[in-house]
Amino acid sequence: MKKFATRGRILVLAFCTLSLSALAQSKSNCKDSKKVKVLFHNRMSQKDLDRIAENMASLHFKISYLQRKFDASGHLSYLKFSVDTPDGFSGNAGASLSGQKFGFVRNCRNKKAPFVVGNL
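Here the sequence shown stands for residues -24 to -1, 1 to 96, numbered as in mature numbering (1 follows the signal peptide of the UniProt record, and there is no 0).
Be aware that a few hints might be false.
Keeping only pairs whose Cα atoms sit at most 25 Å apart, straight-line, the calculated DSS-like set for lysine-lysine is [unchecked claim]:
hint	residue 1	residue 2
1	Lys77	Lys56
2	Lys13	Lys23
3	Lys77	Lys88
4	Lys23	Lys56
5	Lys88	Lys45
6	Lys45	Lys11
7	Lys88	Lys38
8	Lys10	Lys88
9	Lys88	Lys23
10	Lys87	Lys11
11	Lys45	Lys87
These aren't lab readings, by the way, just hints derived from the structure by calculation.
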């Protein structure tokens, strides 16, 4: 009877370890060399924003533009956006675009700051 109890515990422990390993791999779907960086600036148009959202969707990043303002020339003057990464990071930011670097970075190699959103 003790033999079966010990085997049962070992099987449960092995199953839990494998399950946690699979869960960790699915959450950190990040390749070591992968770095995704998107910068928004005040020369962009609505067409540029649409193209960025399409390109990021092909990488399984979801970008939502929550608020946009354009100047008389059709260039971006204010943007508020949210982003969800395929490996579980998410964030949002908003800013008037006047020359500073603004957007997001998902960097798998940078363990201290793997995801940054806002002023870069």
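Outcome of the hint check:
no., hint, result
1, Lys77 to Lys56, "holds, 14 Å"
2, Lys13 to Lys23, "holds, 19 Å"
3, Lys77 to Lys88, "holds, 20 Å"
4, Lys23 to Lys56, "holds, 16 Å"
5, Lys88 to Lys45, "violated, 33 Å"
6, Lys45 to Lys11, "violated, 28 Å"
7, Lys88 to Lys38, "holds, 23 Å"
8, Lys10 to Lys88, "holds, 16 Å"
9, Lys88 to Lys23, "violated, 34 Å"
10, Lys87 to Lys11, "holds, 12 Å"
11, Lys45 to Lys87, "violated, 34 Å"
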